[in-house]
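Participant: Use the sequences and the hints to build the structure in full.
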Amino acid sequence: MAEGQSFEKHEAPVTKPETGPEVDIESVLERGEIVDSRPLEGAERFDVVEIRDDGKGLFRPKESEARGRPLRVQLELLARLISKTAELGVVPEVVMRTVNQEEGTLQRFLGEATPAVKLEDDCLREISDEELFRAVLFEHLIKAADRKLANIFLERTKKIWLTDHDDFMFADAKEEWNQYNYMLGEAKRRGLKTEINDESREPLRRLVEALERLLVDPREIGVETVTPTLIKVITGVKQIAATVLETGTISI
8 MAEGQSFEKH
18 EAPVTKPETG
28 PEVDIESVLE
38 RGEIVDSRPL
48 EGAERFDVVE
58 IRDDGKGLFR
68 PKESEARGRP
78 LRVQLELLAR
88 LISKTAELGV
98 VPEVVMRTVN
108 QEEGTLQRFL
118 GEATPAVKLE
128 DDCLREISDE
138 ELFRAVLFEH
148 LIKAADRKLA
158 NIFLERTKKI
168 WLTDHDDFMF
178 ADAKEEWNQY
188 NYMLGEAKRR
198 GLKTEINDES
208 REPLRRLVEA
218 LERLLVDPRE
228 IGVETVTPTL
238 IKVITGVKQI
248 AATVLETGTI
258 SI
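Position in the sequence shown (first residue = 1) + 7 = our numbering.
There is no bait here: all hints are sound.
No farther apart than 20 Å at their CA atoms in a straight line, the calculated lysine to aspartate or glutamate pairs in the EDC-like style are these:
{"hint": "1", "residue 1": "K245", "residue 2": "E94"}
{"hint": "2", "residue 1": "K125", "residue 2": "E48"}
{"hint": "3", "residue 1": "K239", "residue 2": "E219"}
{"hint": "4", "residue 1": "K150", "residue 2": "D174"}
{"hint": "5", "residue 1": "K245", "residue 2": "E202"}
{"hint": "6", "residue 1": "K195", "residue 2": "E137"}
{"hint": "7", "residue 1": "K155", "residue 2": "E127"}
{"hint": "8", "residue 1": "K166", "residue 2": "D136"}
{"hint": "9", "residue 1": "K165", "residue 2": "E193"}
{"hint": "10", "residue 1": "K239", "residue 2": "D174"}
{"hint": "11", "residue 1": "K150", "residue 2": "E138"}
{"hint": "12", "residue 1": "K245", "residue 2": "D205"}
{"hint": "13", "residue 1": "K69", "residue 2": "E109"}
{"hint": "14", "residue 1": "K195", "residue 2": "E133"}
{"hint": "15", "residue 1": "K150", "residue 2": "E219"}
{"hint": "16", "residue 1": "K245", "residue 2": "D174"}
{"hint": "17", "residue 1": "K155", "residue 2": "D129"}
{"hint": "18", "residue 1": "K69", "residue 2": "E48"}
{"hint": "19", "residue 1": "K69", "residue 2": "E227"}
{"hint": "20", "residue 1": "K166", "residue 2": "E133"}
{"hint": "21", "residue 1": "K245", "residue 2": "E206"}
{"hint": "22", "residue 1": "K245", "residue 2": "D224"}
{"hint": "23", "residue 1": "K125", "residue 2": "E162"}
{"hint": "24", "residue 1": "K166", "residue 2": "E94"}
{"hint": "25", "residue 1": "K166", "residue 2": "E119"}
{"hint": "26", "residue 1": "K195", "residue 2": "E127"}
{"hint": "27", "residue 1": "K155", "residue 2": "E193"}
{"hint": "28", "residue 1": "K165", "residue 2": "D129"}
{"hint": "29", "residue 1": "K165", "residue 2": "E138"}
{"hint": "30", "residue 1": "K239", "residue 2": "D153"}
{"hint": "31", "residue 1": "K150", "residue 2": "E202"}
{"hint": "32", "residue 1": "K125", "residue 2": "D171"}
{"hint": "33", "residue 1": "K166", "residue 2": "E137"}
{"hint": "34", "residue 1": "K239", "residue 2": "D224"}
{"hint": "35", "residue 1": "K195", "residue 2": "D129"}
{"hint": "36", "residue 1": "K200", "residue 2": "E137"}
{"hint": "37", "residue 1": "K200", "residue 2": "D136"}
{"hint": "38", "residue 1": "K155", "residue 2": "D128"}
{"hint": "39", "residue 1": "K165", "residue 2": "E137"}
{"hint": "40", "residue 1": "K166", "residue 2": "E138"}
It should be emphasised that the hints constitute simulated quantities derived from the structure, not laboratory data.
Facilitator: Below you can see the structure in the form of structure tokens.
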């Protein structure tokens, strides 16, 4: 994806603007009045959606799954659930929404962020250890198999956003895993400590519980029943999270 997605206020999972009340981005995406939509230049089957008074969203219709890319909608929703429940804050808010009579995902438009592919090669070196650790933990949980600079976004504050979580990204949705990952590569370069702290444990426990519930009732990620591939993906993430809790560390 060549362009970001934007609410001008930014912190995850709930944004706090410099002034005024907190803005619940997911509620805006779910219920905000859509006043316009247009195709995103250079991106297949994405629309930029204008939301009255509250910014923009990026819409991907579910119909695009029919063209050889199964589970795109479900896996993006799953990625957000993982990031939010584990309190990592690295995946932009995304919800199911109908736009122009098409069902799909509407994701926060990162207009204040720049894809890393448009920045200097060493741009990830400017990220704090704390921010990098959150991204690395997320990548470890999903065994991210297709992380490129084009789906890493950086704000001027060096806040990281990770996007494009489809059947190419989740290793358990494909047969092989590309071992190189930009996030993991930067973590190895700087010798990032991989032990989780006590504050990370409770969110990870909640994630394991949420994934167990999802195997029974997957409606939160836009489906009525789980397919064998979804079962494999959800079970894989749950097992990794449980292992991190048991060992107290992540593997890079």
